[in-house]
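As given, the protein sequences belong to chains S and D, one line each in that order. Each residue of the first sequence is one higher than the one before, counting from 1 in the working numbering. Each residue of the second sequence is one higher than the one before, counting from 1 in the working numbering.
Everything labelled a hint here was simulated from the structure, so no lab data went into it. Some hints here could point you the wrong way.
[As the list claims (entries may be wrong)] Reference excerpt, derived from the structure (chain D facing chain S, CB under 7 Å, subset only):
#1 Ser141
#2 His199
#3 Pro325
#4 Lys330
[Stated by the list, open to error] Below, simulated DSS-like cross-link-like pairs (lysine-lysine); rule was C-alpha separation at most 30 Å, straight line:
#5 D:Lys347 - S:Lys86
#6 D:Lys84 - S:Lys86
#7 D:Lys347 - D:Lys84
#8 D:Lys384 - D:Lys347
#9 S:Lys86 - D:Lys196
#10 S:Lys86 - D:Lys204
#11 D:Lys546 - S:Lys81
#12 D:Lys525 - S:Lys86
#13 S:Lys81 - D:Lys366
All values derive from a computational prediction rather than experimental measurement. The beta-carbon is built from N, C-alpha and C at its ideal position, and this holds for glycine as well.
The chain contents come next:
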Amino acid sequence: MSDIPSTSAYDLSAAIEPEHRATFAVIVDNEPGVLHRVVGMFAARGYNIESLTVAETDHAAHTSRITIVTRGADHVLAQIKAQLEKMIQVRQVIDVGADDDGVERELALFKVAGAGAERIEALRVSEIFRAHVVDTTLTSFIFEITGAPSKIDKFERLMRPLGLVEVSRTGVLSITRGAERV
Amino acid sequence: MTVHQAIETETAAPAASELLLSGAETVVRALVDNGVEVLFGYPGGAVLPIYDALFHEPRLKHVLVRHEQGATHAAEGYARSTGKCGVVLVTSGPGATNAVTGIVDALMDSIPLVVITGQVPTALIGSDAFQECDTVGITRSATKHNVLIRDVNDLSRAMHEAFHIATSGRPGPVLIDIPKDVQFAKAPYQDKHEVKFAHAYAPKVDGDAARIAEAVEMIARARRPILYTGGGVINAGPGASQTLRDFAHATGAPVTSTLMGLGAFPQADPQWLGMVGMHGAYEANHAMHDCDVMICVGARFDDRVTGRLDAFSPGSKKIHIDIDPSSIGKIVRADVGIVGDAGRVLKAMLSVFQASGERRDPNQLKDWWAQIDQWRARNGFAYKPSSEIIKPQYAIQRLAALTKDRDVYITTEVGQHQMWAAQFFPFQEPNRWMTSGGLGTMGYGVPAAVGVQIAHPNSLVIDIAGEASVQMTMQEMSTAIQYDLPIKLFILNNEWMGMVRQWQQLLHGERYSHSYSESLPDFVKLAEAYGGVGIRCDKPDELDAKIMQMIDTPRPVIFDCRVAKTENCLPMIPSGKAHNDMLLGDMAAAEDIGSVIDDAGKRLV
């Protein structure tokens with residue numbers, strides 16, 4: 001084997017570059033197949049999707065907002081943004097993560113089962129995190145929690161030894177602070 | 001009545017009667033309104049209403065192909081040779097799936113196409129109906145844009161928008177899928193100028209002035225500049241090719257081009273370096289490697305151009321002009337990226353360059369040209385001539401020489417013959433060279449020649465072909481006969497899939513796995529069977545006379561040119577090597593050609 005590392009265009013991803021997380025808010029025309037188009041582009045070009053949320057947000061303008069959390073090196077993230085903007089149905093792409101005014105929130109439901117001290121501790125921690133109890137039995141709780149994804153990650157870590165059974169997360173929603181609309 | 005009143009009544013009249021058109025009639029009317037003269041297609045159950053409407057429309061010429069892939073390539077040939085939009089009409093299911101190869105080909109090479117597919121009636125969608133397929137799902141990543149029309153009221157807008165999207169910005173294929181019931185349903189027809197497009201699509205065509213100034217400053221200071229131009233210059237129209245010539249002459253910079261860009265700059269011009277890339281000119285690749293300022297116009301740093309990326313033009317500042325923002329910085333970092341139309345940006349750069357006192361020192365590029373002359377003297381395209389057998393390079397040189405003063409258009413298939421055509425057939429004008437670059441589709445050339453000949457009935461249209469590729473779409477000979485299109489299939493027949501054989505020799509220890517065609521048709525008899533003329537030639541001294549015979553035959557011709565069987569296409573930048581590490585024809589004879597690529601290179605495509 002040659003000692004020259006392969007640097008063909010086919011091996012671009014092999015280059016070791018620092019990766020980081022990015023959150024893109026994508027405003028799209030709400031028409032059939034638009035989500036497939038966006039997700040398909042990520043799959044076809046080999047980009048990761050860590051989380052994705054979508055819903056119609058402006059009925060009059062017929063637009064939906066897709067929030068995608070992805071990960072990549074700087075030039076990959078720039079390329080993701082450019083490829084999103086290239087789509088005919090995409091009206092705007094906002095790099096929420098890079099924006100100091102960007103707010104990211106997520107909602108999650110946690111089912112925790114247990115008895116005795118662990119059960120009491122789970123309830124106490126949930127109060128610290130301002131989670132709501134949406135269901136309870138004598139042996140379980142369901143907590144509803146909202147916050148930045150990192151807060152939810154931390155809550156999950158704390159619940160795990162206290163009898164965590166199941167987690168359901170919405171994925172990240174995002175918006176920009178201030179009075180202006182996108 | 002004043003003129004004003006006359007205009008008012010004229011425009012008001014159709015609105016008052018509010019003419020209702022069926023979906024099928026809407027399609028036909030919208031085609032005419034968008035300046036379409038020719039469409040390529042194949043009928044079937046789900047498009048019969050549109051075919052019925054076509055029956056009554058004398059302004060549209062429909063060309064019946066023999067396979068839907070042929071329709072798409074013919075439309076590409078038509079589009080690329082005229083600058084207009086190509087139009088395809090095919091049925092649902094297999095009609096649509098057969099068209100996919102040509103649609104992706106058009107996407108990769110930025111060719112404007114509008115593809116209309118029939119679909120099963122709306123009520124049957126999703127029921128696995130006869131000849132149903134998820135056409136918009138299948139073609140979502142194969143098109144620039146696609147849409148399924150569920151309501152006939154959306155149809156005229158979608159048709160007009162399709163032409164707008166296909167032909168503006170970075171051109172590409174747009175597909176409209178129309179269920180059969182929508183073709184029958186009626187709605188008021190909306191004129192091209194009165195529709196409001198559904199999407200916010202608005203490509204940027206004018207470059208940023210500050211960046212243009214920055215780029216011009218860089219070019220004015222450059223001591224070793226190079227213009228690296230691509231298909232984007234041709235897509236920007238003949239004016240862009242002219243501006244490229246003016247800009248090159250004003251700056252004195254040498255010009256190279258990608259496969260797709262050949263013809264934008266005249267190859268007879270002393271500033272022309274030859275094609276760049278894997279099988280490009282020695283001088284062009286060396287100049288790309290050693291330049292100090294690279295001006296990339298409408299090209300996209302394809303892997304066939306760059307070779308080994310970390311050794312690609314290491315000492316240069318790169319200016320990248322492209323209408324597609326996602327092209328800039330995708331492969332190679334641009335020092336100055338300018339989003340805009342190639343022609344408009346070049347024009348703006350030219351006026352800034354001329355206003356800024358032009359070049360400071362007339363001798364600024366003297367050393368650079370002296371270096372280029374040394375590379376030129378290396379004669380990278382040299383090959384060993386033969387008086388016994390026809391060398392494929394020689395065949396193309398003779399073809400070029402004998403068609404020099406004619407109005408000639410060249411299409412190709414994909415493989416060695418394609419690269420030899422690019423190396424040895426000089427183009428002086430844009431829109432004369434039709435080839436499948438990005439997708440590399442064997443079988444492109446025959447139907448593309450059909451499309452070109454339809455657009456240019458009195459010109460000489462030649463498909464420079466290989467015997468393997470040409471059989472993929474050979475049935476379009478039948479189309480050529482039907483429409484009296486005197487296309488010439490000039491087949492360099494070496495009985496091998498030549499480029500596969502070459503790679504097996506270079507990279508796979510000369511194990512020629514399934515690359516030899518042990519059985520081939522008799523191409524002369526095949527031509528005759530279709531109703532054309534067959535010519536065979538296997539002697540170099542008979543070649544000129546037989547080429548002349550082909551040129552002078554006013555009917556479709558298949559020319560079976562028997563060439564050297566194991567000739568390699570050189571020069572070549574082997575996989576994993578840099579631009580200044582080329583394998584040349586005369587070197588290859590001297591050394592073991594199988595050992596020039598190292599193990600790391602062998603893993604690459």
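Right, here's what the structure says about each hint:
The criterion of a C-beta within 7 Å of any C-beta in chain S is met by Ser141 of chain D, whose closest approach is roughly 5 Å, and the hint holds. Annotation: His199 of chain D was flagged as interfacial toward chain S, and the flag holds, the nearest CB pair being 5 Å apart, inside 7 Å. Residue-level restraint check for Pro325 of chain D holds (minimum Cβ-Cβ distance to chain S is 5 Å; threshold 7 Å). The interface hint given for Lys330 of chain D is met, as the beta carbon of that residue sits about 6 Å from the closest beta carbon of chain S, less than 7 Å.
Proposed proximity of Lys347 of chain D and Lys86 of chain S is supported: the alpha carbons are some 25 Å apart, at most 30 Å. Only pairs whose Cα atoms come within 30 Å are accepted, and Lys84 of chain D paired with Lys86 of chain S is accepted, the gap being roughly 22 Å. Restraint check for Lys347 of chain D and Lys84 of chain D: the C-alpha separation of about 22 Å stays at or below 30 Å, so the hint holds. Among the hinted pairs, Lys384 of chain D with Lys347 of chain D is inconsistent with the structure: their alpha-carbon atoms are about 43 Å apart, more than 30 Å.
At most 30 Å may separate the alpha-carbon atoms for a hinted pair to count; Lys86 of chain S and Lys196 of chain D meet this at roughly 20 Å. In summary, the hint linking Lys86 of chain S to Lys204 of chain D is supported, as the alpha carbons are separated by about 11 Å, within the 30 Å threshold. Restraint check for Lys546 of chain D and Lys81 of chain S: not satisfied, since their Cα atoms lie roughly 56 Å apart, outside the 30 Å limit. For the given pair, Lys525 of chain D sits about 50 Å from Lys86 of chain S by alpha-carbon distance, which is inconsistent with the 30 Å threshold.
With a C-alpha separation of about 43 Å, the suggested pair Lys81 of chain S and Lys366 of chain D falls outside the 30 Å cut-off, and the hint is violated.
Of the hints listed earlier, those the structure fails to meet are numbers 8, 11, 12 and 13, in rising order.
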